[in-house]
Structure formats: C-alpha cells, structure tokens
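Construct all of the structure, not just a fragment, from the sequences and the given hints.
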Amino acid sequence: MKVSYFPGCTLKTKAKELDIYARRSAEALGVTLEEIENWQCCGGVFTTSNDEIATKLSSIRALKAAGDKGQPLVSVCSACHNVLKQTNAQFNNDADFAFRVNNYVKPDEYNGETKVIHYLELLRDVVGFDKIKEKVVNPLTGKKIAAYYGCLLLRPGKVMAMDDVENPTIMEDFIRAIGGEPVIYAYRNECCGGYITMESKELAAAKSKKVSENAKEKGAELIVTACPLCKYNLDKHAEDIPVVYITELLAEALGVKE
Amino acid sequence: MQKITRDALIEKAQTLLDSGVVTRVLGWKKGDFDYDVTPALFTDIESMKKDFVFGDFCGANFSKYLLKETKKIGVEGKVLVFLKSCDTYSFNQLLTEHRFDREKVYAVGIPCDGMVDVNKIKAIVGDGIVSIDDSAEVIKVETLYDGVKELNKADILLERCANCKSRKHVAYDELMGEDGEVIDSNRFDEVEKLEKMSADERFAFWQNELSRCIRCNACRDVCPACTCEKCVFNNPNSGVENKAAANSFEEQMFHIIRAFHVAGRCTDCGECSRVCPQHIPLHLLNRKFIKDINSFYGDYQAGETVGSRAPLTNFTKEDLEPSEAVNREDK
Amino acid sequence: MENKQNVCNEIIRRSGVNPRKCMKCGKCSGTCPAYDEMEYHPHQFVYMVETGDIEPLLKSKSIYRCLSCFACIDRCPRGVEPAKIVEAVRLEVVRQQGNNHLKPNDLPEMLDVDLPQQAIVSAFRKYTK
Amino acid sequence: MQVNEYKPKIVAFCCNWCSYAGADLAGSNRLSYPAEVKVIRVPCSCRVNPMFILRAFQRGADGVILCGCHPGDCHYTSGNYYTRRRMALLFSMLDYLGIEKERTRVEWVSAAEGAKFAATMNDFVQTVTALGENKRLEDLRCKK
Amino acid sequence: MQRIGVFVCWCGSNIAGTVDVVKVAEALKNEPGVVHSANYQYMCSQAGQELIKQAIKEHNLTGIVVCSCSPRMHEQTFRKTAAAAGLNPYMVEIANIREQCSWIHKDMAEGTEKAIVLGRTAIAKVNLNAPLTPGESPVTKRALVIGGGIAGIQTALDIADAGFEVDIVEKKPTIGGKMAQIDKTFPTLDCAACILTPKMVDVAQHEKIKIYSYSEVVDVKGFVGNFDVTIKRKARYVKEDVCTGCGLCTEKCPMKKVPNDFNLGMDNKRAIYIPFAQAVPKVATIDADYCNMLKNGKCGVCAKVCTANAIDYTQKDEFVEEKYGAIVAATGFNPISMDKFDEYAYSQSKDVITSLEFERLMNAAGPTAGKLLRPSDGKHPHTLVFVQCVGSRCASCAEKGKEYCSKICCMYTAKHAMLTRDKYPDTDVYVFYIDVRTPGKQFDEFYRRAVEEYGVHYIKGMVGKVSPEGEKLIVQGSDLIANKQLKIEADLVVLAAAIEPDKSARPLATMLTASMDTNDFFTEAHPKLRPVESPTAGVFLSGACQGPKDFPETVSQAGAAASKVIGLLSKDKLTGNPCVAHSDEMMCNGCSSCEKVCPYGAITYADKEFRGPNRTTLIRRVAQVNEAICQGCGCCTVACPSGAMDLKGFASKQIMAEVDAICK
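Residue numbers (my numbering), protein chains in the order written: chain A, 1 to 258; chain B, 259 to 589; chain C, 590 to 718; chain D, 719 to 862; chain E, 863 to 1526.
These are calculated hints, taken from the structure and not from any lab test.
Predicted model only: the values in this text are computed from it and were never measured.
It is possible that some hints are incorrect.
Unchecked claim - Quick list of in silico lysine-lysine cross-link-like pairs, DSS-like style, CA-CA up to 30 Å: (1) E:Lys1515 - D:Lys725; (2) B:Lys575 - E:Lys1185; (3) E:Lys1269 - A:Lys158; (4) E:Lys1365 - E:Lys1034; (5) A:Lys201 - C:Lys648; (6) E:Lys1349 - C:Lys650; (7) E:Lys1101 - B:Lys329; (8) A:Lys216 - E:Lys1346; (9) A:Lys106 - A:Lys64; (10) E:Lys1046 - E:Lys1233; (11) C:Lys718 - A:Lys64; (12) A:Lys216 - E:Lys1202; (13) A:Lys16 - A:Lys236; (14) E:Lys1322 - A:Lys158; (15) B:Lys426 - B:Lys288; (16) D:Lys834 - B:Lys454; (17) E:Lys1178 - E:Lys1101; (18) B:Lys270 - B:Lys287; (19) E:Lys1526 - D:Lys834; (20) C:Lys613 - E:Lys1322; (21) E:Lys1458 - E:Lys1083; (22) B:Lys549 - D:Lys853; (23) E:Lys1233 - E:Lys1119; (24) A:Lys218 - E:Lys1262.
See the structure below:
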C-alpha cells in the first residue's frame, strides 16, 4: 500500500538515519512512503493559541496534499507528527479556525478528512506487530531496550490518542516484535528538555540526564526514540548509553540496514 | 405463464360448491361498463355463470371482504376466495392481526400477469369507451368516436402491476397454475426521486397532489389494512374525526395519519392508488414507510409470513435515532 | 485596572482555557519538569490570570521556561490546561514590537554541529513573534 | 424592548420519570430556557401518539420536541425504544412531505441532566425561531 | 361541565418573585369550567390545604388545578387534600409554575404569561378528567436483599427482626463485603471484624433469613408486592449443606498459586478455599479456573480428604425462582482501576498500592499478618506517602476518574496515617491533599489528632509523578503553601483511589427498571425526602450503591431501607396506580399490536359475543388489560390502530386538550 509521508526538516539533515531507515523498513513491510511534494517545515512546535493561524498553514497544506490522494499522512519525527495531528484536530474541532485557515489557502481548501498517523501507528495498526515479527531476520534477542516516548508522541493525550498517556505500550510492543526486551521506567514519558536546550543548557541537561539515568538504573542497554531533539539532548547531556532511532533498530531487525 | 380463463375459475368453483367444500364464492362481477368490475358474493353456480367475470380489470383485492364473511353467524361452510399473488400478502397480514377465521376460508391462488388501468386507457383513447375486449395480449378498445383501437397491455398496466413486487403466492389452500417468484422490482424508484428533491420541491409536489383530495374515503375503505372496527376518522372521541367542521385538521393530516396507521402493516397492494378518483399517488406515502423500514430496520414485507412482528411493534437496542433518520446521506 | 482585565480576558480567549475550572490542587505544579526554573508556577499562572494579576507574569522569565511538554494538560484532573495559559501569556509578550526573546544574532553561539534544525525552529516559534 | 419579535410556540412532551424530572432539575438549578417552551407531562415517551404531534402543528405550534429516558433506561423498560422507531418513521415522513425537519426533535434527557434539558431547549427554540412560523403543515392540503 | 377551582401558590417568593400570582389567578378565572380562583402564599401548608378543602365544599368543585411547584413534589399532597374534602384525588391537576416557570425566567411579564398558559393547560386537562379508583393487588410478604455487605446484612437483619422473611443474594462465596476486608474503622478505631462478624453470625442463625451465597439475580419480573425473581446459584462444587467448613481441603489442595482476591492478590490461596476464617456460610468453594480436577480431571485431592463427602465435581449452576414483595439493592462499591493513573507508577512498582490494599497490609489476618511490610521486598518502610483524590473530583477525564468526591478517603487516609505512626513511630508519613473534608461526628477532631498528636505531615498539594528509582519511590509533588516542588524519597506510596458502584449494579438496575445517574449510582425517588427508595415502586436502596458512604451512614441508610420495606410488607393489599390502560371493546380489532408492545404482559385476549346487524351475533377477539399488572406507560395506546386502547389519567383527549391549550 501507499501512504503520504511528511519527513520534516531535521530528517533531511541531522537525522537522515531516521528517514532512510523508515523508508527502507516500510518498503520491506510492503508500505511505500510517498513523500508529499513541496512540503514545508511544520514549525517544530504547535502553538496552542486559537488565534495563531499563519504558523499552521504549512501543516494544513501537507494535510491537504495527503487528503487529495486519499492517503493517511505518516510522519516519523515526533515533533512533526505532533504538530500535524494537533493542527488537524484544531481544524476539525474549531470551526472558526477552519474557516479562517481555508480563507488563507483558497482555492486549495482543506476538508479535514485526512488521518494523521505516526510511523509507530502505521506499524501497529496497518502493518501489525505480528507481521513484523514474522519478517524479522536479525532479532534483537535479549537486548534490553528502553523506549523513550518523551512528551510529543503522547501528549496531549486526547488529541494524539495513540496510546495511554501514562502507561503506553506501543513502543514496548514494537521492541518485543523485533525480539528485544522492553525496559519499563518512570521517565519514559517525561520531557528531555526539548528546545529549552537553546535557552538553558543546564535545564535540558538536568532533564535528559534524569531520563537516561532512570533507564540505565532499570537495566536498559539502549534507548530508542523517534525524535531527533530527544536524541540530541540525551546524547549530549546524558549518561553513556546509546540512543538510537526506532527506524534504525527496525531496519536492523528486518535486515535492510545495509 | 399459463393463462387462467373465466371458465376454469367457474369450473373450480362448481367443483368446490358441489362437493360442499365451500358454500359461497367471492368473485368479480361486471358493472355498468366492461372496465367497471366490482366484487360480488355468489351463492350458487347459476348466478356465477351469469355474472362472474375474470379479466384484466379484476384488480380488486378480496382479502378485506373475508372479515365480514367469516364473522357471519349462522352461515355454514367456507367461502371460496380467489387470490392473486399480491392479494395473498394482505390475506396473511389480516391473519397475523387475527382479523378473520382461516378455518372458514378456502383460498385458491390464481396466477396473474398484471391488471390494467382504465385511466391509462382513457388517457390514450379519450372518453366514450363502449367496450373493451381483453381476451388477448392486445387489448381492443371500442369508443363512440374513434371505433376500435388496439393497445399493448404492457403500456396500460396498473402502477402496482407495472412494479409488481411478487408473483409468488404466500398463502393458499390450492394453487391454480404455476407459482411465480418474488420480483426485484423498481417500486421505490419514484420514492427515491422525491427524496432527491429539495424540501421545497417535495412540499410543492405534495401540496399539488393532496390538494385534489375530496375526502371520499375510498382509499381507506378499500385498504385491506384499514379494517378497524371503528376508524379513528369516524370516531368523535379520537380528536381527528372528520365531522367537526370547526377546523380543517383532518383535511390536512388525513393522509399522513392514514399512512402512519398502516405503516409496517401495509403490504403495498396498491389498492389505495387504484381506487382514488382524483388519481393521487397515495402508494408513494406507503412506499416511503416501507422503504424507510427496510433501510432502518432491515427488509420487512408485511404479510410474507403469518405471525411476524411488525416493525413498529418491535425494536432493537441499536435502532437509529430519529435525528439520524432525517439526516441520512443515502436516503 | 481595566486594561489588566482586558489583557487577562484576551489571554483567556486566546488560550481557550477557563481558569475558573481550577480547583487549586496543584497537580500541574507537582508535575512540571521546569518548576524549579520558574519564578511563577503553572498553578500560579492559572490563578493570576483568573484574578487579573497579570503584570508580574508578563515581566517574568518564567514564560520562557515552560517546555511545552503538556504534562500539566494531561494530568490536570479538571481539564484546565495550564500550558495553554502559559503560552497565551508568552504570546502576549513576544507579539509586542521588539519583544522577541530570541534574536538571530544570538544564534551562532548557541549552535553546535549536532543541534537539530528542529530545536532552532521550535525555539524561534516559541520565543519570537 | 422589542415588541414584535417573533416568538415560536413550542410543545415539549416529557416523560414523567426522566425528562420531566430533568426539566425540574433545570428549574432547581435555575438554568433558564425560553418561555416559549411549554411542557406536557406524559408517563412515558411512548405515550406520545404521532397524532398529538400533528395536532400541535395543526393548532399552531412551530416546533414539537419529545423527550424521554435514554434508550436502555426507560422506567417501563422498553417504551422509548418504540418511541424511537415511531418518531424515526414519522419525522422521515414529514421530511418527505417537505416539512422542515428541524421542527421536530427527539432528545433523551435523564433525570440528572437538567443542564442538558436547558441546553436542548435553548438550542431547539433558536433553531425553530430561525425557521419562522410553521406554515407548511397548515398549507399542505389547502393550496393557496 | 366540571366545576373547577384554581389555586395559585406563591411559594413565598419562589413563584411570586417572577410570576404575578394575582394576575394569574384573575386570568384563569375566565377559563371554561372555572368557578373559583384563589391565590395563597403556601398552598402546600396546612392553611393552604385548608383553603382548598373549604373551596371544594363551598363551591361544590368537581375538579381542582393547583398552580404550584412540580407535580413530582406535591401532587400527592394535593390529591390527599382533595380526598379529605370528598373529591376524587384524580380530579386534581398541577400546573408546574415553579420549576418550569418562575425558576427559569427572570422577566415578570414573561413568567406571568407562561404561568397563565400552564394554568390554562391544566384546566383544559382537568375538564376531561374522570374520577379514578385504584385497583388492589396482594403483597408477597418476603423481601430480597441483593448484596451481602454491611448494608445488605443490616437491612436483612432489621427486616427479619420485624418478622418478615428475607433472602440475601451475595455473588461472592461469603457475605461480609468490603467491611470484612477493612482493618479498623474511623473515628473510633474499632476493629471492623469485631463489629461485623457477630452480625454475620446473626444473619446465619436468623430463622427468617436465607442466604444465597455465590449466587446472582438473573431475572426480575413483576411489580411492587409481586416480584418474580430468578436467582442463579453458581456451582461451587461443594455441597453447601454437607460441608462442615473444617478447612482440611483448603490445606491439602495442591494448587497453591491462586491469587487471593480477598487480599487483593497480594498473596495466594488454593484452588479450593474459604475466603476468610469467619466466612458465612463457612463452606469451601472451588475456583473452577484453577482446579485441575475440573480443568482436566486430574487430581481429586479435596474429595479424598473430605470426611464429610461434600465435594461434588459434577455440580452445575442452578436456577431458583422466588417470589418477593420488596427488593433492596445493596450492591456496594469498589475502588476504581488504577490502570489509567500510571503517573503514580501503580503498574510499575509493587510498592505503590491502593488504600484497600493498605487495609489488608495492616490487617492481622492479611498477607503480612498485620506487619507493615513492603510488598516488593518485605522490608519495613520508613517513609510513606499517601495521595488523596486519585481519580476523585476528576472532571476532565470521564474515562479515567470520577467527577464526584468519594467522601470516605479523607477519613480513612487520616486513619491509615495515624495507625502507621502509632504502630511504627520510626516512620515519616506524608499526606498530599487538595482539601481535607471531615464533616461528621468526631471526624475533624480525628484528623487533627493525626496531625497534632501523631505528627503526620499534611501537604496541601498534589503529586504529579511517582518514579521508582532504585529501591525508592521518588514522589514529586507540589507544596502549595510553601510554594515548592517536593521530591520525597518514599518507601511506600498509598493511593486513595476513587470509589465507584459495583459493576453488577448496572445490569441489575436494568432488570429492576430502576434508574441510575451518569455514574451508575442508583437514583433516589427524591434526593432529600425519599433517599432510600428507588423511583421504581418496591425497589429500595441500601448503602454505597446509592452514593459513597462510610459505615455509620451505610448502616443508618440500611436501617431506613429496612423500615421502608417493613412498611410495605406490613400491608395486606397495595393500592395500585389507577392510571392504567383501558380497552374499549367495541372498538378493539383484536389485532395483538398492544400485546406485542406491553412490557409487562398485562394484556390478554378473550373471544366475546357482540350484537351484529340484523339481530345476528358476532364473536370478536378483544383485548383485556390486567389492571394489577399494567404500570401505565401507555405504549399500547399508540400501537393500537383503532384507538380502542386509551390510558386513564393521560387519555388521548386530555393530552390533545393540553396541546390545544398550549397552542391557543
């Protein structure tokens, strides 16, 4: 099958692994990621204020592009996914916002029908973890892996609706599917510090340190994430524990890494 | 299809009368004109041989007459009734509602390839019909002014026959000829056409149709589902009686109430439209209910089986909401 | 006084948050990962906007410390969504002429080779008009 | 003060056990809704004959709303399930005849839903006010 | 023509504040049939009722309309008033000009105008009223109590003591309910078992009480005074009347790893078990999910060791049908699931427990024999954090928590904190609270003692996150008074989980046709004046199934429910609701439409002879309504095509008259 794909700015530069392995793995699983044309940066964060229009138009255009093809819009970067999903939700729940947005994008009005799904949701709900399990050639047997959700993947829970906000299982199930052993730790859904790293290195360091310490303490040998910024913060400030992208791990398990 | 002749029916009646299976016969009798056939009760074979007719104008559904016939006390024996396939549905529906005594009826199913509509003939040949010969597929109409005209039966069928829903008999003691099949008809096409109109167009359509109503009650009187001991429109206590001249309530609401009263019980026999002197397409009201019932609650054909539970005396916990009923996309 | 109230009303409108829903349990502040960096804490943002005490918030550096992690939104038992209030207050400040918190000239010294673009665009979106 | 402002006539049938109690609760909580709404108490929504609804329109009502217990919560176990079918068919028929479908409504309001009752009535009155006077049911037969 | 009296009530300023009552009374005077119209401050008062009675006599009234509060409030009152003055009580109609008029409108002109229309509507109806006489039905003098917790026990004992037979249906193998799991009770710190178990014994020994343990109600038919109930007695694979409760089988059963639900899974039991030492009935039960004999026919140890031959592996579920006059729901409560609150790490750490689990930990008969030990490693905890309102007062998240206050948590948390400090003075105990709610006798004193004498640290604030780190639980929460975020290194965290009605209550309510609120608590017939009765006649409410309650409240409500049941069962006959369906035989088609929609089976058919035309006789099938069974919903009246079926008190003509009056 084919789905629309929104890679995002970082995946074209600093996080190429996240992008490349996402495509390869998807292909191996029978899904083609069709990069939408002329996508623009999502902006990195979603502005919650309801009078903020212009900064959300790039998301609307992406949603519209996928909608025109009748495909769901898939992204792998947690930040892009968060912005796209939240923008889509605001479009569908706030008629005033929808009206004003469509005034901007005329004559390419968006109808709100595109479904935004994260790469993990694609794996769980479209491909199915069972099928992935069958396709694994290099299982990560015995590898103790800590899933790091951070905040963008799950929150706000009502909008993202991907999993239980406080006790998610999607990444753990993913880890099991590729043969690894998930490590549950309390900080898996706490913030790494995010963009605050620009403003206060100390705060970001404190936050990400806490995450990796907690994961290590619970026995993890490896942390997986879907977010380039999370990876950066953890790599930069945290304990010496490797941090890798979900897609890289998946590609390795499927034997398509190289 | 094997054509059943008048003689075959008289012969059947004679056998049954002679053997004492039945004591009387519900049949069709010629009226003032060839096309003016009326129901009649025959108690002996002679009068039957004299007046009984059978042909393309015998649309009348006898089911309703059984109410009176089977309730007569002191009258012995069964009554013979000839039922076309559509009539058998009404027959079953009335049995479901305990409206007549099945033991007192001998039902003979007769095949039917459709009855003709005199109004359609009149529309073609004009007034002054002298005689009609319907013994063959091509119907010969003699008029005062134009002599004999030949008409194709298919062009002049009654609306209900043109859209016949079933040639299958669902009730009989005996069947003459071969039984037919339930037909996947186009009877809802016109309803759909109306549904696709805007509310304003629909309103204009119905205003035009219903404004012709003269409240003759023919539709009610002929309807096999309208068999109430006392009709609400005749009952001063019902609040909708048609005698109070103080307001025009029943004038406006008569057809809605009537259609609702038979909703889920109407077999779509089409008698109401056949008898309407003002040619109001009353079947479009009934068919709307039937169509809605089928789409809301699953296909249901009143009278298909005896004892079935009508949709309005039934429910499921997952039924659709009234708001959904009027806001569907697919309607 | 009236102006202060107008600002608060604008913040309430823009954020879509009804601060009266707050039952003062403090779970937002109990959950906030940036608490110690903030002079005013999430529950105070809600309360101060509700009561019209807006000026200290407009002047406070706290508005740049929120990580937008939305933990307070998901954990609030009353559905108050304090992070949206914080954001609305910040917008009130950065939308004023010349009030961008982050200036392009500041950038070079912040950058390192690994820093993802995502961090830069996010920070600009959060801290500037 | 507006003098000639159009005020619709609204008849609300409420079942005794849920919706009438819900209406009372709206009152107890001082939740206002327009005075145009007048409630008729019936034991169960299933007591409401389609004829009553037609009667109301014929006598000049501009909107008729029927409130009952939520499906599954009927005091008489199943009454509202029948109501739901009857009204689905009736409303669909009225729509088919070209009557504005917004003039009729069924709403399930429990005894605990005072706020829902008031909100429903506010919304219904607003909707019917926007439609204006009910003319079609009166005119359906008598072509002008 | 009726002679109607109209009485407009001021209800103090409740009505008179927004309705010009004088004008209303004046306007209604001119309505058809009205011969008298009056207004008064409080119509429901003694003086007001006297006024009505006098008017009835003086003006020879045949019907009255009271414009007042909701008929749900005072219809009965005014019917009695009318009856006292010799007027048939069903000649009374109420115009609801308070709840549905004065209280919702602010404008005097608007309120007055609407009140007049409502009055006119009631007058139009009463013009068509006919005197009604209620029918009578017998009363089965037995009661059914559903639920064998303290609420059910107390209700059953009180009813039985009054001399009526009572059956208790309990779904668990023993009665006792939640109270049997509790260690001590606030604010007296009595041992719960010491006050509960004697009552359980009383129940077992009472000659009027029968216990259906390990049983469920599966069907309820009938109506007040005459319920037919089907009870499923689940197979326990032990003959209840043979088992001596010696407990030998529960020691010999080789299946040792069965989670012990009585201790909330904190330890194990055997596949054959007696829940606790004081169980009533003290009879073993086999857990079919774990028993090897039942699963694959390999074992049979319990049968071998049973000297009484009580084991019966072939036992099947049995269905018993019983008749009752009254039913009491006492289905109780449960703590909500903590699945959706994992910010407190309940799923991540065994040392995060709920208060009910803590109760078992402190109980001498619990998994640790009453020693406070951490479930994870059996070590003695030094720092304990209690978190209140977990899932209570939670408005944002219907799928997560409950919007209401669970009422009992403040007090039991104070109790837990106090008991911990009392037994283990080496502990530090913190309680995070939003508000401390202690209305109740000796309650606040109790809570203050926990703080002042026992040194419990009460922190105004909420916990945002619990993180298991090493052996510790890092509790991150806010201290709103200090304006600080705290991080406490705790050994044990106790969550005061919100309580919710037992899941069995919803299907039961459907069977009983009793209404529930949005939280699945049973609703009362009146929240203030009839708090222990369901709106469904003959169904009563006892304990937490009606709303969160502590023990004293539960026991008092249980007694109140019992007294209502006793009042009902003391009657030899019940007068029914006269507003029942009635079929006009002359118009009936006998079509069975009414019969099909009647939820009570109140309609039967008979063949009757009627005079036909020309001196003939016709036999017709006609419907007949059993007035004792008919509950007066009126569904049949609409199903009837001919209009033969009508409802007394809510006749079609009456309703149409109301419609007309409103639309005038």
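Tested hints:
no.	hint	in the structure
1	E:Lys1515 - D:Lys725	holds (27 Å)
2	B:Lys575 - E:Lys1185	holds (29 Å)
3	E:Lys1269 - A:Lys158	holds (28 Å)
4	E:Lys1365 - E:Lys1034	holds (14 Å)
5	A:Lys201 - C:Lys648	holds (22 Å)
6	E:Lys1349 - C:Lys650	holds (24 Å)
7	E:Lys1101 - B:Lys329	violated (61 Å)
8	A:Lys216 - E:Lys1346	holds (28 Å)
9	A:Lys106 - A:Lys64	holds (12 Å)
10	E:Lys1046 - E:Lys1233	holds (14 Å)
11	C:Lys718 - A:Lys64	holds (26 Å)
12	A:Lys216 - E:Lys1202	holds (25 Å)
13	A:Lys16 - A:Lys236	holds (18 Å)
14	E:Lys1322 - A:Lys158	holds (28 Å)
15	B:Lys426 - B:Lys288	holds (27 Å)
16	D:Lys834 - B:Lys454	violated (34 Å)
17	E:Lys1178 - E:Lys1101	holds (11 Å)
18	B:Lys270 - B:Lys287	holds (17 Å)
19	E:Lys1526 - D:Lys834	holds (28 Å)
20	C:Lys613 - E:Lys1322	holds (10 Å)
21	E:Lys1458 - E:Lys1083	holds (17 Å)
22	B:Lys549 - D:Lys853	holds (27 Å)
23	E:Lys1233 - E:Lys1119	holds (22 Å)
24	A:Lys218 - E:Lys1262	holds (28 Å)
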